[in-house]
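S.K.: One letter stands for each residue in the lines below.
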Amino acid sequence: MQEKRKSQEFKQISISEFFEKNRHILGFDSLQRALFIMVKEAVDNSLDACEEHGILPGLVVRMSKISNDVYEMSVLDNGPGIERTQVPKAFGQLLYGSRFHVMRQTRGQQGLGITASILYGQITTGEFSHITTKRPVDDVAYHFELGLDVKNNVANIKTEEPVIWKEEHGTEVKIRAKGKYITGRQSIQEYLKEVAVVNPNAKITFIDPDGSSTVFERSIEEPSKQSKPVKPHPYGLEVGELLSLSTESQSRNLKELFVENFSRISANTAVEILNKANVDVEKRPSELERIEAEKIIQSISEVKLMPPSAESLSPISEQFIRVGMLSVYGDERPGFYGRPISGAVRIHKGNPFSVEIGMVYGGELPSDQPARIIRYANKVPLLFQAGSCAITEAISETDWRQYGMEQKQGKGVPYGPAIILVHVFGPKIPYVSESKEAIAPVSEIVEEIKSVLKSEMRQLRRFNNRIERNKKMGEKFRLVSKIIPEIARKSSEILKLEIPDYRRTISKIANVVFVREEVENKDGKKSITSVINYTDEDVSFNLKIVFPFKELDLKIENLNSAQSFTHEENIDQVKGAYTGAEYFVTGINPVLVQGAEELPADWNLKGVEVNEQE
Amino acid sequence: MNRNENTEMQLRNFVNTIYEAIKNEDIPEVRIKSRTRDNIVLDNIYGVWKYGEQEVRRTARKMDGAEFIAKSLYTINFILDMLKESKSSTLREMYYISEGWKDFKFSSQDESNVLSEDMEVLTQLMREDFHLRPEENGASIIGNVTIEEKNRKNEFKRINCRDDVGDAGYNIPYNVEAEKVHLISHDADMIVALETGGMFDRLVENKFDEDFRSILVHLKGQPARSTRRMLKRMNEELGLPVYIFTDGDPWSFRIYASVAYGAIKTAHISHWLAVPTAEFVGISASDILNYDLPTDKLNDRDIAALNSELQDPRFQNEFWKSEIETMLKINQKAEQQALAKYGLNFVTDTYLPEKLNLKR
Numbered sequence: 003m004q005e006k007r008k009s010q011e012f013k014q015i016s017i018s019e020f021f022e023k024n025r026h027i028l029g030f031d032s033l034q035r036a037l038f039i040m041v042k043e044a045v046d047n048s049l050d051a052c053e054e055h056g057i058l059p060g061l062v063v064r065m066s067k068i069s070n071d072v073y074e075m076s077v078l079d080n081g082p083g084i085e086r087t088q089v090p091k092a093f094g095q096l097l098y099g100s101r102f103h104v105m106r107q108t109r110g111q112q113g114l115g116i117t118a119s120i121l122y123g124q125i126t127t128g129e130f131s132h133i134t135t136k137r138p139v140d141d142v143a144y145h146f147e148l149g150l151d152v153k154n155n156v157a158n159i160k161t162e163e164p165v166i167w168k169e170e171h172g173t174e175v176k177i178r179a180k181g182k183y184i185t186g187r188q189s190i191q192e193y194l195k196e197v198a199v200v201n202p203n204a205k206i207t208f209i210d211p212d213g214s215s216t217v218f219e220r221s222i223e224e225p226s227k228q229s230k231p232v233k234p235h236p237y238g239l240e241v242g243e244l245l246s247l248s249t250e251s252q253s254r255n256l257k258e259l260f261v262e263n264f265s266r267i268s269a270n271t272a273v274e275i276l277n278k279a280n281v282d283v284e285k286r287p288s289e290l291e292r293i294e295a296e297k298i299i300q301s302i303s304e305v306k307l308m309p310p311s312a313e314s315l316s317p318i319s320e321q322f323i324r325v326g327m328l329s330v331y332g333d334e335r336p337g338f339y340g341r342p343i344s345g346a347v348r349i350h351k352g353n354p355f356s357v358e359i360g361m362v363y364g365g366e367l368p369s370d371q372p373a374r375i376i377r378y379a380n381k382v383p384l385l386f387q388a389g390s391c392a393i394t395e396a397i398s399e400t401d402w403r404q405y406g407m408e409q410k411q412g413k414g415v416p417y418g419p420a421i422i423l424v425h426v427f428g429p430k431i432p433y434v435s436e437s438k439e440a441i442a443p444v445s446e447i448v449e450e451i452k453s454v455l456k457s458e459m460r461q462l463r464r465f466n467n468r469i470e471r472n473k474k475m476g477e478k479f480r481l482v483s484k485i486i487p488e489i490a491r492k493s494s495e496i497l498k499l500e501i502p503d504y505r506r507t508i509s510k511i512a513n514v515v516f517v518r519e520e521v522e523n524k525d526g527k528k529s530i531t532s533v534i535n536y537t538d539e540d541v542s543f544n545l546k547i548v549f550p551f552k553e554l555d556l557k558i559e560n561l562n563s564a565q566s567f568t569h570e571e572n573i574d575q576v577k578g579a580y581t582g583a584e585y586f587v588t589g590i591n592p593v594l595v596q597g598a599e600e601l602p603a604d605w606n607l608k609g610v611e612v613n614e615q616e
Numbered sequence: 086m087n088r089n090e091n092t093e094m095q096l097r098n099f100v101n102t103i104y105e106a107i108k109n110e111d112i113p114e115v116r117i118k119s120r121t122r123d124n125i126v127l128d129n130i131y132g133v134w135k136y137g138e139q140e141v142r143r144t145a146r147k148m149d150g151a152e153f154i155a156k157s158l159y160t161i162n163f164i165l166d167m168l169k170e171s172k173s174s175t176l177r178e179m180y181y182i183s184e185g186w187k188d189f190k191f192s193s194q195d196e197s198n199v200l201s202e203d204m205e206v207l208t209q210l211m212r213e214d215f216h217l218r219p220e221e222n223g224a225s226i227i228g229n230v231t232i233e234e235k236n237r238k239n240e241f242k243r244i245n246c247r248d249d250v251g252d253a254g255y256n257i258p259y260n261v262e263a264e265k266v267h268l269i270s271h272d273a274d275m276i277v278a279l280e281t282g283g284m285f286d287r288l289v290e291n292k293f294d295e296d297f298r299s300i301l302v303h304l305k306g307q308p309a310r311s312t313r314r315m316l317k318r319m320n321e322e323l324g325l326p327v328y329i330f331t332d333g334d335p336w337s338f339r340i341y342a343s344v345a346y347g348a349i350k351t352a353h354i355s356h357w358l359a360v361p362t363a364e365f366v367g368i369s370a371s372d373i374l375n376y377d378l379p380t381d382k383l384n385d386r387d388i389a390a391l392n393s394e395l396q397d398p399r400f401q402n403e404f405w406k407s408e409i410e411t412m413l414k415i416n417q418k419a420e421q422q423a424l425a426k427y428g429l430n431f432v433t434d435t436y437l438p439e440k441l442n443l444k445r
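These protein sequence lines map, in sequence, to chains C and F.
Residue numbering for the first sequence follows my numbering, starting at 3 and increasing by one per position.
Residue numbering for the second sequence follows my numbering, starting at 86 and increasing by one per position.
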């Protein structure tokens, strides 16, 4: 009796039926989240499609209020379009399959997400969704009204008709669903803003339910580089995975199985692995025993393999992060844009991943509030579950006080005028949950984020030190160049006496050579470097000026006491905020110079290294 | 040497020390008595509190010191011009004139006030010597005292402060020195100085000045220098005792202290302004309890002020310590007018006679 009941309970259900009962798994667990997820899935798909085809993305996202709690989402892209017969599969069928063979970094979930959105709309409103799509090769666009046949997991097509469309190519998805539209930190608008930061080559228009629109303009005319699909690396392979692979495999023997399915495995290394595990290289994969599989896994870890290829990785890129942050956060006039830094390729469970970090600092950003951390995984902004994310953990474990930011007891999110962008990317990023809203805080990832953060923040420390030095120097400069002469002038005016020679007084106060930069903004932007000798003696030295666009070596000879030397440089070519030149000296005791540093001893060596690489 | 010549000489001396320092290839610096609560000490000769020996160094080596010296030079230049042209200006006018000093203009009225006090400390002159005068007028006097005040025609005009004035009384000018005001005669036994106008008017209406042979002085809150100087002159030259009648709160205690002991900001001229024998007949914490007066709760600033007074060397005696501590304990303050709880005549019929008899 019991046996019988059990088998009845375990009747097979289709994936769509399962989802219908468990919609929280993909993030549709509240009315606010539902609309957000729908937009996210559609936008991710559009950007992936554009990236794959080298198209500069142009997206129009519109949310319209239909009734009190029903909204219509419409996402129109200029993507490649979808072949007519593929539409039902792409939108009306929840695909399930092991993606073990595909090792590739993408934003979206390969059709799972958008179909789930259509199903969610169907469940909550009873309405089907509208898809219009056109490829450049087609004369007309095709319009579908479709939903899901939940029992059989196939598309339920109500209408399919060719239509005349003004777009050359692209896809439009319209879904009506129950939801609640919100604004703020976890809103659709914020999501699109953060998408715009890392996709500066996209033009994204958002029209909210009130009809007001926000446009994130395209600020760079260059398609994103796309990642290449690669086979998985055997590091991190698990026994179960190996066993199921061997039953499905068409390979003739185990040696071939490894060579064909994994990267970084040659015939020789496959033999080495199998010999080490005492397993016959000629054995048919379907005959692989569990105990043998365990031995193979063990020997993989003992054999030296080349690390996974970075080809499957698709970074946002230094240039995109810089341009994106500049164009989206430029209104806050940050005083400092950190050069985005990316770490090396690292491995977690055999899967390559890498970390990129960008930062803007100062200006009109609030200094009495927590720094803004914008998190990305595979170019997708993460707006939820910050508390359980690897990025948050890495930031909390970093001591920010050493970089001039406030942090309670050296733990937690720092306070200060900063926006910090952290991007973790790779073909198989571990997430906390199926809805992919937080990166699992595994130690390899957390440590790598911390290490890249350190390099990024070192720039901030250097910047802050320079600001502090410049401020002090500016004050001292004003003191000796303006106030002391004025004291001498005014006192002699009152006493009706000759103005005394105040140079000795000044050199007693300063006794340094000042190197300072002023930026002049008439008839083009100019950087004016002044070198003023406030010591008693004549000085001679070499001055290296490092502009963002070039280096300059100047020889300063016999600059007399109280004399000055100036150099002008046109800096019109600097795009965005000019953060100032760096000055280095040689041939003089650096203590005697204010505003320049001693040239690092390895300066020239570094140059050689770069040349060799080229 | 007349007064103006002396002022000019003193200021030129100061400028000369700066000039000479630069000429001798040194860094100019100015040493000035520290003008803080921690640097006031009792002067045993005058019985008032004056600055002690602590000094601060303002050196041109540092930005703020150099700016102080430069601004001082501009200020001195301005004063010397006024002396030459027989002009005078208010402190506020000087603040606005400094707009023309560009990089060396005062950043606030307070800065220019403090600097003119610093100049007094440095030269041991008074701001009247610099032809600088305050914005606010001295307060008023009603009572049987006769004075002479030089008017704009340069004639001394005789005024009896009871018979020749209206209800507002005699208005104390900003300069009350002998060159401007002569004290001629009086027929009174004491001076009663009042914090508020309301109480001044109450005592005038109740004819307290006639019934109790007193000269009433309205302090208008924290009294101006000229008001304190007038009290000092009447006390010394006419031999009249001074009684201070204020509200019962920490700020009123400070009014009494500045009249009797000398104010911290002007401790360099306490011997010129303070009346060490002045007695306090204002509302004390004990009065609040004894007379069961209507009160207000102390606010945070009141409490901070009381605690600061416990650290103030001028309040280090039995009476003030116990009154301040009592006030902190009952956490209440009261106004002079709270005495009206017992009727309009209570203050003149009962409170003041009791307080003054007690002391007499």
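Since the hints were made in silico from the structure, they are not lab data.
For each residue, glycine too, the CB sits at the ideal point set by N, CA and C.
One or more hints might be untrue.
A partial selection of chain F residues facing chain C, derived with a Cβ cut-off under 7 Å [as the list claims (entries may be wrong)]:
(1) V100
(2) I107
(3) E110
(4) V115
(5) I117
(6) G132
(7) M148
(8) F153
(9) I154
(10) L176
(11) K238
Think about it this way: if two alpha-carbon atoms lie no more than 25 Å apart in a straight line, the pair counts; the simulated SDA-like pairs of lysine to any residue are [stated by the list, open to error]:
(12) F:K147 with C:V593
(13) C:K498 with F:E140
(14) C:K498 with F:T144
(15) F:K187 with C:E500
(16) C:K524 with F:K190
(17) F:K190 with C:R491
(18) C:K456 with C:Y417
(19) C:K498 with F:M275
(20) F:K414 with F:N430
(21) F:K108 with C:K23
(22) F:K147 with C:Y417
(23) C:K23 with C:T126
(24) C:K473 with F:S192
(25) C:K484 with F:F189
(26) C:K473 with F:E114
(27) F:K147 with C:R468
(28) F:K108 with C:K473
(29) C:K510 with F:K426
(30) C:K498 with F:S192
(31) C:K474 with F:M275
(32) C:K510 with F:M94
(33) C:K498 with F:H356
(34) C:K510 with F:M167
(35) C:K474 with F:M94
(36) C:K452 with C:G414
(37) C:K478 with F:G185
S.K.: Between F:K147 and C:V593, does the CA-CA distance stay at or below 25 Å?
M.R.: 19 Å, holds
S.K.: Does C:Y417 lie within 25 Å of C:K456 when you go C-alpha to C-alpha?
M.R.: 17 Å, holds
S.K.: Is C:K23 close enough to C:T126, meaning Cα to Cα at most 25 Å?
M.R.: Holds - the C-alpha atoms of C:T126 and C:K23 are around 13 Å apart, at most 25 Å.
S.K.: Check whether the Cα positions of C:K510 and F:K426 lie no farther apart than 25 Å.
M.R.: 70 Å, violated
S.K.: Could you grab the alpha-carbon distance between C:K498 and F:T144 and see if it respects the 25 Å cut-off?
M.R.: Holds - the C-alpha atoms of F:T144 and C:K498 are around 24 Å apart, at most 25 Å.
S.K.: Please work out if C:K474 and F:M94 have their alpha carbons no farther apart than 25 Å.
M.R.: Distance of about 38 Å is beyond 25 Å: violated.
S.K.: Holds or violated: C:K524 with F:K190, Cα cutoff 25 Å?
M.R.: 28 Å, violated
S.K.: Would the hint linking F:K414 and F:N430 be met if the CA-CA limit is 25 Å?
M.R.: 30 Å, violated
S.K.: Decide if the proposed pair is consistent with the structure: C:K478 and F:G185, CA atoms, cutoff 25 Å inclusive.
M.R.: 24 Å, holds
S.K.: Let's test the interface hint: is any C-beta of chain C closer than 7 Å to that of F:V115?
M.R.: At about 11 Å, which exceeds the 7 Å cut-off, the nearest Cβ of chain C leaves the hint on F:V115 violated.
S.K.: Would the hint on F:F153 stand, with a C-beta cut-off of 7 Å toward chain C?
M.R.: 10 Å, violated
S.K.: Are the Cα atoms of C:K510 and F:M167 separated by 25 Å or less?
M.R.: Violated: C:K510 and F:M167 sit about 36 Å apart, past 25 Å.
In the structure shown, a violation is registered for the earlier hints numbered 4, 5, 6, 8, 10, 11, 13, 16, 19, 20, 21, 22, 28, 29, 30, 31, 32, 33, 34, 35, in ascending order.
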